[in-house]
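Undergrad: All chains, please: the whole structure from these sequences, using the hints.
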Amino acid sequence: MIEVKNLKKRYGNKLAVNDVSFTVENGEILGFLGPNGAGKSTTMNIITGYLSSTEGTVTIDGCEILEDPIGAKSKIGYLPEFPPLYPDMTVIKKVKLPKKAHIAEVCDLVKITHVKDRVIKNLSKGYKQRVGLAQALLGNPELLILDEPTVGLDPKQIIEIRNLIKSLGKKHTVILSSHVLPEV
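Counting along the sequence shown from 1, when you hit position 84 you're at 84 in our numbering, and nothing is skipped either side.
Misleading hints may appear alongside valid ones.
[To be verified] Here are the simulated lysine to aspartate or glutamate pairs, EDC-like style, with alpha carbons at most 20 Å apart:
{"no.": "1", "residue 1": "Lys166", "residue 2": "Glu105"}
{"no.": "2", "residue 1": "Lys75", "residue 2": "Asp19"}
{"no.": "3", "residue 1": "Lys166", "residue 2": "Glu81"}
{"no.": "4", "residue 1": "Lys166", "residue 2": "Glu28"}
{"no.": "5", "residue 1": "Lys170", "residue 2": "Glu25"}
{"no.": "6", "residue 1": "Lys125", "residue 2": "Glu81"}
{"no.": "7", "residue 1": "Lys5", "residue 2": "Glu81"}
{"no.": "8", "residue 1": "Lys171", "residue 2": "Asp108"}
{"no.": "9", "residue 1": "Lys121", "residue 2": "Asp88"}
{"no.": "10", "residue 1": "Lys125", "residue 2": "Glu183"}
{"no.": "11", "residue 1": "Lys8", "residue 2": "Glu64"}
{"no.": "12", "residue 1": "Lys75", "residue 2": "Glu28"}
{"no.": "13", "residue 1": "Lys121", "residue 2": "Glu105"}
{"no.": "14", "residue 1": "Lys170", "residue 2": "Glu142"}
{"no.": "15", "residue 1": "Lys170", "residue 2": "Asp68"}
{"no.": "16", "residue 1": "Lys5", "residue 2": "Asp88"}
{"no.": "17", "residue 1": "Lys75", "residue 2": "Asp61"}
{"no.": "18", "residue 1": "Lys170", "residue 2": "Glu105"}
{"no.": "19", "residue 1": "Lys166", "residue 2": "Glu142"}
{"no.": "20", "residue 1": "Lys125", "residue 2": "Asp154"}
{"no.": "21", "residue 1": "Lys8", "residue 2": "Glu67"}
{"no.": "22", "residue 1": "Lys111", "residue 2": "Asp68"}
{"no.": "23", "residue 1": "Lys128", "residue 2": "Glu160"}
{"no.": "24", "residue 1": "Lys99", "residue 2": "Asp88"}
{"no.": "25", "residue 1": "Lys121", "residue 2": "Asp154"}
{"no.": "26", "residue 1": "Lys73", "residue 2": "Glu142"}
{"no.": "27", "residue 1": "Lys99", "residue 2": "Glu55"}
{"no.": "28", "residue 1": "Lys171", "residue 2": "Glu142"}
{"no.": "29", "residue 1": "Lys75", "residue 2": "Glu64"}
{"no.": "30", "residue 1": "Lys171", "residue 2": "Asp61"}
{"no.": "31", "residue 1": "Lys128", "residue 2": "Asp117"}
{"no.": "32", "residue 1": "Lys166", "residue 2": "Glu25"}
{"no.": "33", "residue 1": "Lys171", "residue 2": "Glu25"}
{"no.": "34", "residue 1": "Lys8", "residue 2": "Glu55"}
{"no.": "35", "residue 1": "Lys5", "residue 2": "Asp19"}
Hints are computed from structural coordinates only; laboratory data are not their basis.
TA: Pasting the structure below:
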């Protein structure tokens, strides 16, 4: 599913990612564990195509991220550490979509059905995180990349998100990052 070879990322003289190589097979859950500043988010941003590497390659299901970015990105659902949400919009727009059943399924899966008509800025951190996760799941991508998906959540929400990630691993390949050992 994913093959990362000899990945490096430099910011001037600072080496943020140094010769990282790994593979992730379909249906696996891979955790990046390391302290803040270790290069976890940088690596994930390179995998998603948000950043380019200084050296090395990333291939997602046969599509090299720099040579075929549209093909590679079409297979990815991404939840960054700080979900890019529009705070003045409702969780789900009130428009007729042909994928209504899919949207309902995703809302139910991440437990946001009862808040789908609320304005995002009025949601708790936990629900904002769930909305970001729902956005990553829309389109049923083969690969989910989750950058510190439980940061800032309360203990109950952390358990719920961990259980959700375990269940997502049955249908998706998942890469997640954390600086907390029990998280990974």
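Undergrad: None of the hints should be skipped; say for each whether it holds.
TA: Hint check results:
A hinted pair counts as satisfied when its Cα atoms are at most 20 Å apart, and Lys166 with Glu105 qualifies at roughly 17 Å. Restraint check for Lys75 and Asp19: the C-alpha separation of about 24 Å exceeds 20 Å, so the hint is violated. The straight-line distance between the Cα atoms of Lys166 and Glu81 is roughly 19 Å, inside the 20 Å bound, and the hint therefore holds. Using a Cα cut-off of 20 Å, the hinted pair Lys166 and Glu28 holds, with the two alpha carbons roughly 10 Å apart.
Under the criterion of a C-alpha separation no larger than 20 Å, the hint pairing Lys170 with Glu25 is consistent with the structure, at around 12 Å. Of the supplied pair hints, the one linking Lys125 and Glu81 holds, its CA atoms being roughly 12 Å apart against a limit of 20 Å. Between Lys5 and Glu81, the direct Cα distance comes to roughly 24 Å. Violation of the 20 Å bound is thereby established for this hinted pair. Of the pairs offered as hints, the one joining Lys171 and Asp108 holds, with about 16 Å between alpha carbons and a cut-off of 20 Å not exceeded.
Taken as a hint, the Lys121 and Asp88 pair is honoured in the structure, with Cα atoms around 6 Å apart against an allowance of 20 Å. Restraint check: the Cα-Cα separation between Lys125 and Glu183 comes to about 18 Å, which is no more than 20 Å; the hinted pair holds. With a C-alpha separation of about 16 Å, the suggested pair Lys8 and Glu64 falls inside the 20 Å cut-off, and the hint holds. For a cut-off of 20 Å, the pair hint linking Lys75 to Glu28 stands: about 15 Å separates their Cα positions.
Simply put, Lys121 and Glu105 have alpha-carbon atoms about 23 Å apart, too far for the 20 Å limit, and the pair is violated. With a CA separation close to 11 Å, the supplied pair Lys170 and Glu142 stays within the 20 Å bound. Distance hint between Lys170 and Asp68 is unfulfilled; the C-alpha atoms sit about 27 Å from each other, more than 20 Å. Only pairs whose Cα atoms come within 20 Å are accepted, and Lys5 paired with Asp88 is rejected, the gap being roughly 41 Å.
Restraint check for Lys75 and Asp61: the C-alpha separation of about 8 Å stays at or below 20 Å, so the hint holds. Distance hint between Lys170 and Glu105 is fulfilled; the C-alpha atoms sit about 16 Å from each other, no more than 20 Å. Straight-line distance between C-alpha atoms of Lys166 and Glu142 comes to about 15 Å, which keeps the hinted pair within the 20 Å bound. Between Lys125 and Asp154, the direct Cα distance comes to roughly 9 Å. Compliance with the 20 Å bound is thereby established for this hinted pair.
With a C-alpha separation of about 17 Å, the suggested pair Lys8 and Glu67 falls inside the 20 Å cut-off, and the hint holds. Annotation: proposed proximity of Lys111 to Asp68 is violated, straight-line Cα distance about 34 Å (limit 20 Å). Restraint check for Lys128 and Glu160: the C-alpha separation of about 14 Å stays at or below 20 Å, so the hint holds. This hinted pair does not check out: Lys99 and Asp88 have alpha carbons roughly 23 Å apart, beyond 20 Å.
With a CA separation close to 18 Å, the supplied pair Lys121 and Asp154 stays within the 20 Å bound. At roughly 10 Å between alpha-carbon atoms, Lys73 and Glu142 fall within 20 Å of each other, so this suggested pair holds. Between Lys99 and Glu55, the direct Cα distance comes to roughly 39 Å. Violation of the 20 Å bound is thereby established for this hinted pair. In summary, the hint linking Lys171 to Glu142 is supported, as the alpha carbons are separated by about 8 Å, within the 20 Å threshold.
Distance restraint check for Lys75 and Glu64: the Cα-Cα separation of roughly 12 Å lies within the 20 Å cut-off, and the hinted pair is therefore satisfied. Using a Cα cut-off of 20 Å, the hinted pair Lys171 and Asp61 holds, with the two alpha carbons roughly 15 Å apart. About 13 Å separates the Cα atoms of Lys128 and Asp117, which keeps this hinted pair within 20 Å; it holds. Of the pairs offered as hints, the one joining Lys166 and Glu25 holds, with about 16 Å between alpha carbons and a cut-off of 20 Å not exceeded.
Among the hinted pairs, Lys171 with Glu25 is consistent with the structure: their alpha-carbon atoms are about 12 Å apart, no more than 20 Å. With a C-alpha separation of about 5 Å, the suggested pair Lys8 and Glu55 falls inside the 20 Å cut-off, and the hint holds. Of the pairs offered as hints, the one joining Lys5 and Asp19 holds, with about 8 Å between alpha carbons and a cut-off of 20 Å not exceeded.
The structure fails hints 2, 7, 13, 15, 16, 22, 24, 27 (numbered hints given earlier, in ascending order).
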